[in-house]
Amino acid sequence: MPFAITAPSLPPSLASYAALTSDNFDEDGDVSMTTETKRTAGAVSIVTPGETVTTDPQWMRGHGTYLDENDGIVATVAGQVMKVNKLLSVKALRSRYQPEIGDLVVGRIVEVQTKRWKVDIASHQTAVLLLSSINLPGGILRKRTSTDELQIRTFFSEGDLLVAEVQSLFQDGSASLHTRSLKYGKLRNGYLCRVSSRGIQRSRSQVLTLQGAFGAGEIDVVLGVNGMVWISQKPIPVIKEGQTGSVTRLEEEASEAIYSDKNDFIGEATRREIARVGGCVKALVRHNLRVDEEMLNVAYEAACEEEGELEGEAGRRVVEKALGRRMGV
Amino acid sequence: MAPPQATNLTATTPLSPAELSYLRTSLLLSPPIRPDARSPTTFRPLTAELDILPSTHGSSRIVWPDGGECIVGIKAEVEKAVVDGQNKRVEVSVEVAGQRDDDPLAVFLTQSVLDTIAPRLGERLNIGERWNWKVYIDILLLTPPISHPSTLLSLGVNLALRCTKLPLLISAAEEDPLFSDDWDLAKPLYPSNTPSEVPAISLLVASVGENVFFDPTREEMSVADCVLVVSVDYDGKVIALRTLESGSVGEGGVNRKVVARIVSQCAEVGREVFEGLEAIAKAG
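Chains as they are written, first to last, in the UniProt record's numbering: chain A, 1 to 329; chain B, 1 to 284.
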């Protein structure tokens, strides 16, 4: 349908999906956990800004709270109350991405400075990428010279997308990134899909490859922990004739093309599937699910049975099918 | 054609060259592949509710799945009629959350709403011989929209006007107006038995090469050759056409034939949009 407009409805919750698929389970007590009882059983206390969390003086105030003379500890964000020993904090329900060391993130360059770039990683502050923490083309290990500083824009310029790892954190919580691995660096041949950062599961591997359906090639998906997902065609390694495919040679070739802005040829079928994978990611996150390798695989499988876009009702069907398959395994 | 209107589109960080080229090539294909797999004439699904603000005469809230949200409230006041005052009977104010009120986007949106609906709405606001209604349309755009909000806004205004009710006049035409206390008797501004008189809507259309896209996202707009805001009424008549700033990836400029096609498609698609709006307005 070209134009759809509906009345607002409650966001679907995982519990109702589980109830839908509960027929697949065996009849020992597991099933009852998935229905209404689960929603109320694990009652979490949610507070809203301005609400008094406690007036008991034995608690210490933590993040997301302030101490009021009359009202005791008052929440400043809407979220869940967390207690660690005597420390009381409120974890916001919705917040921007908070970087942690070792996270794989996808970011966009917003500013070029003399020896570093400022990178938007959908966090509270922009992250920093130092010239010394990138791979330079033409040899992995080389000293950074003033020539490199002058041609800093040939590596990354404003608007460029990159995948990087959080190397360290500054005092204020902003991140310092590095791309010193062949896995990281500038992104091309694909499309960026942005979702909320809580929709991406931190897992062992954030990079996965899907086999595209309907004659498409392989599709690489980089699930940035910050909610930026890069979906691209898997690069096809070119080994020219008369050359030995030695490891070092490949690395050198890769490092020459590493900062290229030109896309490879991408077939129509692959483009269509890239769009479909993007739709899957968005649909999963919209239904309050977390995306990881397994989830995306089943969702993509289910999405291949649908025609057209995955917003609205079609997305819901895909998510339901995917959940059913995942739980059925 | 008038020079392109400046919007806050350019203020954001540009896309990378690789992304732009990927998008543009995908959109140039035949059939084109949009990044969210929509067909060229498909709109993103919208959510809307009517009559959400109890102290207004009519109100609506309309939401995009990506978080863009528009709330419209309509208040009416009685004023003494002046000669040739029909165009001054409607006042529009647009507030974009987090932006100054003289932001070019807000100014542009205010003017475009006014141009689209004011002339025909003004005619409906007579009360007897010497008085008329003055309508204030207040629009709040929440969350900086990821795409250009003109479609969202115009649909929101349309829905709010459809559910606007004015108190029943019980005095004679030549007297000073006196209204019934009973709100249940209030008369709708646009009675549901005359669907063809509803206010016009504005549709955002982008063209890439020969292809025409409805409801483009910001990414699609940044690789488009031209972006137009086309206002159509229920009969499919184009009543306004404005050019918006687009990206600078292609050579720019647009073929006469493409503009003609945009206009003819707007009439068709506009009809479907009106049908959708009618359904939601009836449902409540």
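Derived by calculation from the structure, the hints in this document are not laboratory data.
Take these hints with a grain of salt, some might be off.
Said to hold, decoys possible - Have a look at the derived ranges for each label pair, beta carbon to beta carbon: (1) A:Lys91 <-> B:Arg100: 56 to 62 angstroms; (2) B:Ala186 <-> A:Arg198: 42 to 48 angstroms; (3) A:Glu313 <-> B:Ala240: 31 to 37 angstroms; (4) B:Arg218 <-> A:Arg290: 49 to 55 angstroms; (5) B:Ala97 <-> A:Arg290: 53 to 59 angstroms; (6) A:Thr55 <-> B:Glu272: 55 to 61 angstroms.
Here a beta-carbon is modelled for each residue, glycine too, at the ideal position from N, C-alpha and C.
Status of each hint after checking the structure:
no. : hint                                      : in the structure
1   : A:Lys91 <-> B:Arg100: 56 to 62 angstroms  : 34 angstroms, violated
2   : B:Ala186 <-> A:Arg198: 42 to 48 angstroms : 45 angstroms, holds
3   : A:Glu313 <-> B:Ala240: 31 to 37 angstroms : 33 angstroms, holds
4   : B:Arg218 <-> A:Arg290: 49 to 55 angstroms : 26 angstroms, violated
5   : B:Ala97 <-> A:Arg290: 53 to 59 angstroms  : 29 angstroms, violated
6   : A:Thr55 <-> B:Glu272: 55 to 61 angstroms  : 58 angstroms, holds
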